[in-house]
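Peer 1: Listed here are the chains, written in short residue letters.
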Amino acid sequence: MHTVDPPPHSDLPQLAADMSGRLRARRPRVHCLTNAVAQNFTANVLLAAGCVPSMTISSEEIGHFVGGANALLVNLGTFDQERREATGIAVATASQKNIPWVLDPVFVDRAPQRAAFARELVGRGPILVRLNAAEFAALAERPASPQAIAEYALAHKSVVAVSGETDLVSDGKRVAAIANGHPLMARVTAMGCAGSALIAACLSVESDPWRATAAGLLLFGVAGELAARGANGPASFAVAFIDALSTLEAGAVIQLAQVT
Amino acid sequence: MHTVDPPPHSDLPQLAADMSGRLRARRPRVHCLTNAVAQNFTANVLLAAGCVPSMTISSEEIGHFVGGANALLVNLGTFDQERREATGIAVATASQKNIPWVLDPVFVDRAPQRAAFARELVGRGPILVRLNAAEFAALAERPASPQAIAEYALAHKSVVAVSGETDLVSDGKRVAAIANGHPLMARVTAMGCAGSALIAACLSVESDPWRATAAGLLLFGVAGELAARGANGPASFAVAFIDALSTLEAGAVIQLAQVT
Amino acid sequence: MHTVDPPPHSDLPQLAADMSGRLRARRPRVHCLTNAVAQNFTANVLLAAGCVPSMTISSEEIGHFVGGANALLVNLGTFDQERREATGIAVATASQKNIPWVLDPVFVDRAPQRAAFARELVGRGPILVRLNAAEFAALAERPASPQAIAEYALAHKSVVAVSGETDLVSDGKRVAAIANGHPLMARVTAMGCAGSALIAACLSVESDPWRATAAGLLLFGVAGELAARGANGPASFAVAFIDALSTLEAGAVIQLAQVT
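First to last, the sequence lines map onto chains G, A and E. Numbered per our numbering, the first sequence finishes at 263, counting up by one with no gaps. Numbered per our numbering, the second sequence finishes at 263, counting up by one with no gaps. Numbered per our numbering, the third sequence finishes at 263, counting up by one with no gaps.
Here chain G stands alone, though its shape is the one from the complex (with noise of 0.2 angstroms):
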């Protein structure tokens, strides 16, 4: 007898469908030591996926919101003393813990002390590294290509996740591409800085964190789609965007998914 193999990756259409459930359904709490720009968008973000935000970035107080939640977000959109600070303390509580944590190395190619501080921090184990394709030449010191998110991200054993017309994640082993999303979504401030919150969100309800962010990415790339639909510029897509997130059904997941 001869079988065929299912294509690659043909279970995380469903798992971004259960996703959506899960993350309703256990309401994770997700801490963002994020940007000043991002931090009320991500808060809706989250919400509307049903995981309940924080967004101290006070370091006397961030070990406790820290300790107290399911994943962690550091996003170095606006890097300041008081983040940094906050930065080293989140870490070392997400890490004692056990506790999921993403970094989002936000504009890392404009300013090389940046770069520095997102380096010394892959260096303390993020279970994920976002970014998109300028930011990760200018992390890895080489363009991004499957191949080099791939060494990346075993010589760092994190997921690494490149976002971009296609996103790619890889775990070093695996590569997943997903094609979903719309040109709107970069005409939204925050859209990537939010999205990686919800990946975060997503890392604390599945304990594969690879397949975790390629659920992720879809959800986010789903709504995107959704949104899109009766927009009529970047701010209705906006709203429409944080609905569609609150409404998502699996069925609409499955059917608009893309992922090779």
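It is worth saying that the hints were derived from the structure and are not from the lab. Small disclaimer: the values here were computed from a predicted structure and weren't measured. Glycine included, each C-beta is placed from N, C-alpha and C at the ideal position. Misleading hints may appear alongside valid ones.
What the hints assert, rightly or not - If you only want the chain A side, here are some residues facing chain G, beta carbon under 8 angstroms, derived:
#1 Ala-39
#2 Arg-113
#3 Ala-114
#4 Arg-190
#5 Thr-192
#6 Ala-193
#7 Gly-236
#8 Pro-237
#9 Val-242
Said to hold, decoys possible - Stretches of chain A that chain E covers, calculated by requiring three or more beta carbons in the stretch to come under 8 angstroms of a beta carbon on chain E:
#10 43-54
#11 62-75
#12 244-256
Given chain G, put chains A and E in place with the hints provided.
Peer 2: Here is chains A and E on its own, set in the frame of chain G:
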């Protein structure tokens, strides 16, 4: 002749309807020492209701801003060194000039340092402490019940408003229960923070702080019910909520208000 | 033969229409040192118009961000120690690299420290000072009138734009009055701040700063008029405003522009 007592607090819906007009006519200045997540939404809520928001957190100038304001909100949502210093100056200025100030001790149940700071602030005489049941329990070290709230209000000579499906407001002698609002309000970040800012504005145009607080909660809850009618999710709800506040009519407030 | 002079500034509507295309084609990078209330809305306004915003306020890296930008906005809306330090570096970098920078001295009428700091900044050569009449009066120590504005512009070798129902723009020699806009613009927080950021972008794609400023104000006002058409209140207006900016057509700009 037999007379029937009016139901308790039957005059509050009318006050709430009046309040909306008073805010538009007097345009009170409300200084908000609030968290970074809430600043933009809070400012837009105040503007929609006819008020003039200011938001600086700088110690050097907050005294001037509070001194020229009609009400002050102190929200602990992002508790950092800079905001803590500014709080001392803001509260001292408000006390000295008899400017009503509201304490919103966000997430006081999450970190002991925050609870300690909030207790210190309660001792400095806010006209209103506004919080949810978990925050009340952390602050008062007992569960929120009508009796506990009334006793806490009496002991601290402040009005206390505990938010939830039904909001409870007490000044130690009177208790009102307000059943307005909509579940989508809990899905929009900073909704509660913005509500506290609106109540601060109400306190500047009504001399009985218990009545002002109840009226502000009624206004806020009614706007939420009106906004939910056409909303597709939390983001279109948030847009409709601000629009509803800006166009709220006395008739709708009186018709929808649910207070006992 | 008798010829008729064209009305003054009759070429500005066409420039405004062109400007919209230039921004989309050249995608200028605009660094915004702005207040926490305005950051998100400002970034979304710039993205809608085709620009690339950055927002860091960290002294350590702002030099790199400004050095790589095409324009700089300095907005004093939340005036704190960190932003003040960053301002010095940002302005020095802009001056050294001939990057146009705009000063928006928000609320300079509310606190004397802020006015003093703003005066110091005016002395450092912003290409444009953009403010409202109350702020002008505080800064210039005389009421805003066409003559006062022109004299201030001449004395400080900057373009001065004073916003109001009619915006006035002068470089000391020329004065334009722009009557576009809509009352709902004053009901959305950070609308003015975002306008200053958009004008900063215009200054990077048009070498005559007075004309660039007038064109930016026209674009902004026309987008406001278009957005108001279907708005139910300030929040749906703000959404429609960003959508309108992203789809603004030359024909509408030329048809609606009101400049004398």
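Peer 1: All hints are to be evaluated individually against the structure, with a verdict given for each.
Peer 2: Comparing the hints with the structure gives:
1. Given the 8 angstroms rule on beta carbons, the hint for Ala-39/A holds: about 5 angstroms separates it from the nearest Cβ of chain G.
2. Satisfaction of the interface hint for Arg-113/A is found here, the shortest Cβ-Cβ separation to chain G being roughly 6 angstroms, below the 8 angstroms cut-off.
3. A hinted interface residue such as Ala-114/A counts as satisfied when its beta carbon comes closer than 8 angstroms to some beta carbon of chain G; here the least separation is about 4 angstroms, so the hint holds.
4. With a cut of 8 angstroms, the hint placing Arg-190/A at the interface with chain G holds, because the nearest CB-to-CB distance is about 5 angstroms.
5. Hint status for Thr-192/A relative to chain G: holds, with the closest Cβ pair at about 4 angstroms, below 8 angstroms.
6. Checking Ala-193/A against chain G: minimum C-beta separation of about 7 angstroms stays under 8 angstroms; hint holds.
7. Against a cut-off of 8 angstroms between C-beta atoms, the interface hint on Gly-236/A holds, since the closest Cβ of chain G lies about 3 angstroms away.
8. Hint status for Pro-237/A: holds, given a least beta-carbon distance of 5 angstroms to chain G, under 8 angstroms.
9. Because the beta carbon of Val-242/A sits about 6 angstroms from the nearest beta carbon in chain G, less than 8 angstroms, this interface hint is met.
10. Coverage of the segment 43-54 of chain A by chain E holds. Counting CB-CB distances below 8 angstroms, 5 residues qualify, and the rule asks for three or more.
11. Here the segment 62-75 of chain A counts 5 residues with a CB under 8 angstroms from a CB of chain E, which clears the bar of 3, and the coverage holds.
12. For the segment 244-256 of chain A, the stated coverage by chain E holds: 7 residues have a C-beta nearer than 8 angstroms to a C-beta of that chain, and at least 3 were required.
No hint from the list above goes unmet by this structure.
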